[in-house]
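Could you build the full structure based on these sequences and the hints that come with them?
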Amino acid sequence: MMILIRQPITIVWFILIFATGLSWQFGHGFGFGENYHFASVAILIVTFIKIRFVFLDFMELRAAPKGLRWLFEVWAVLACAILIGFYWSGV
Amino acid sequence: MSDPNEARTASAQHLPGEAGVWMFIVGDLVIFTLLFAVFLYYRADNVPLFTESQRTLNQTYGAVNTLLLLSSSWFVALAVQGARIGERLNALRLIALAFGCGVGFIGIKYFEYSEKFRAGYNIVTNDFFMYYFLTTGIHLVHVVIGMAVLAFLWHTTRGGEIDAGELSTLESGASFWHLVDILWIALFALLYMLR
Chain A
454 MMILIRQPIT IVWFILIFAT GLSWQFGHGF GFGENYHFAS VAILIVTFIK
504 IRFVFLDFME LRAAPKGLRW LFEVWAVLAC AILIGFYWSG V
Chain B
9 MSDPNEARTA SAQHLPGEAG VWMFIVGDLV IFTLLFAVFL YYRADNVPLF
59 TESQRTLNQT YGAVNTLLLL SSSWFVALAV QGARIGERLN ALRLIALAFG
109 CGVGFIGIKY FEYSEKFRAG YNIVTNDFFM YYFLTTGIHL VHVVIGMAVL
159 AFLWHTTRGG EIDAGELSTL ESGASFWHLV DILWIALFAL LYMLR
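For the protein sequence lines, the chains are A and B, in the order given.
Our numbering applies: residue 454 is where the first sequence begins, and numbers increase by one.
Our numbering applies: residue 9 is where the second sequence begins, and numbers increase by one.
Treat the hints as calculated values from the structure; they're not laboratory data.
These numbers were taken from a predicted model, which means no experiment stands behind them.
Each residue gets a CB set at the ideal place from its N, CA and C atoms; glycine is no exception.
Hints may contain errors.
Claimed, not checked - Just so you have them, the derived chain B footprint on chain A, three or more residues with Cβ under 8 Å:
1) 454 to 467
2) 531 to 541
As the list claims (entries may be wrong) - Which residues of chain A face chain B? A partial, calculated answer using Cβ under 7 Å:
3) Thr473
4) Gly480
5) Ser493
6) Ile496
7) Thr500
8) Lys503
9) Ile504
10) Val507
11) Met512
12) Glu513
13) Ala516
14) Pro518
Okay, here's the thing in C-alpha cells:
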C-alpha cells in the first residue's frame with residue numbers, strides 16, 4: 454500500500470484539502486474581511502483550481518490526448534469566468 | 009515492485025477509459041454548467057432572498073461531504089494506479105474505502121435533507137430551495153450511480169488478474185466517480201459558500 458500512497462497524487466489530495474480549508478476561511482472573513490464580494494470571487498477561483506487538479510491528476514488528463522486535455526482546460530477557464538460574471542452582475 | 013508512474017509514461021497520450029464515457033462526462037459538465045449559470049443569474053435578480061435562504065444551510069455538512077468526495081476520488085485514483093502494477097488486493101481495499109466515503113456522503117445528505125424538511129423547507133419554498141434541491145438531488149443520483157459503478161469495479165477487480173479490458177473499465181468507472189467529485193466541488197462553492 455505504501456508504494457501507492459507515496460504517489461504524487463497524494464500531494465494533490467493534500468493540496469485539494471488545503472484549498473477547501475482556504476475557501477472555508479475566505480467565506481469566514483479571512484483575507485478579505487467584510488468585503489465578501491471579493492471573497493466570493495476568490496472562492497470561485499479556488500474552486501476551479503481544485504477542479505483543474507482533479508481533471509489533470511485524478512482523471513489523468515495530464516497524460517491524455519492533447520485535444521481532450523485542452524477541451525477540459527478551456528471549459529474550466531470559461532466556466533469560471535462565466536460564473537464570476539453572473540455572480541458579479543448581482544453585486 | 010514497479011512504480012505506477014513508469015507504467016504511465018510508457019504509453020504517452022493515454023486516454024483513461026472508454027471514449028464514450030468521456031463524451032458522457034463532457035455532456036454532463038455542459039448541463040451542470042448551464043444549471044450553475046442559471047442559478048447565479050436568478051440569484052443576481054434577488055440576492056437578499058438567496059442569501060437569507062442560504063443562511064439556513066449547514067456549511068459544515070457541505071464541507072465534510074467535500075472532504076469525503078475528495079478523499080474517495082483520491083482512493084479511486086490510487087486504486088487505478090494499483091491495478092496497473094498488479095496490486096490487486098490494495099486496489100480492492102481502495103475501491104471499498106471510496107465506496108465507504110460514498111455511504112458517508114449519502115448519510116450526511118439524509119440528515120441534511122431531513123433537517124430541511126422538518127424545518128418546512130422544500131423544493132417549492134422559493135427559487136433558492138428549488139435550485140438547491142434540484143441540483144443536489146441530481147447530484148445525489150450521480151453519487152448512487154457512481155457507487156453502483158464502484159461496486160461493479162470491485163467485483164471486476166476481485167476476479168483475478170486484471171487484463172487490459174478490465175483496466176479500461178476501471179479507468180472509465182474511476183473517471184465517472186471523479187466527475188461526481190467535481191460537480192460537488194462546484195455545488196459546495198455555489199450553494200454553501202458564496203455570499
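Hint check results:
Counting residues of the segment 454 to 467 of chain A whose C-beta lies closer than 8 Å to any C-beta of chain B gives 10; at least three are required, and the coverage claim holds. By the rule of at least three residues with a Cβ nearer than 8 Å to a Cβ of chain B, the coverage given for the segment 531 to 541 of chain A holds, with 5 such residues. With 7 Å as the threshold, the beta carbon of Thr473 (chain A) comes within range of chain B, its nearest partner Cβ sitting at about 5 Å, so the hint holds. Below 7 Å, beta-carbon pairs count as interface contacts, and Gly480 (chain A) has one with chain B at about 5 Å; its hint therefore holds.
Interface hint at Ser493 (chain A): satisfied, since its Cβ lies 5 Å from the closest Cβ of chain B, which is below the 7 Å cut-off. Evaluation of the Ile496 (chain A) hint against chain B yields a held restraint, the C-beta minimum of about 5 Å falling below 7 Å. For Thr500 (chain A), the interface hint holds, since its Cβ comes within 7 Å of a Cβ in chain B; the closest pair sits about 4 Å apart. Proximity of Lys503 (chain A) to chain B holds as hinted, the smallest CB-CB distance being about 5 Å (cut-off 7 Å).
For Ile504 (chain A), the shortest C-beta to C-beta distance to chain B is roughly 5 Å, which falls under 7 Å, so the interface hint holds. For Val507 (chain A), the suggested interface contact is upheld, since its CB lies about 5 Å from the closest CB of chain B, less than 7 Å. At about 5 Å, the closest approach between the beta carbon of Met512 (chain A) and any beta carbon in chain B falls short of 7 Å, and the interface hint on this residue holds. Residue-level restraint check for Glu513 (chain A) holds (minimum Cβ-Cβ distance to chain B is 5 Å; threshold 7 Å).
The interface hint given for Ala516 (chain A) is met, as the beta carbon of that residue sits about 5 Å from the closest beta carbon of chain B, less than 7 Å. Annotation: interface hint on Pro518 (chain A) holds; nearest CB of chain B at approximately 5 Å, less than 7 Å.
Checked against the numbered hints given earlier, this structure breaks none of them.
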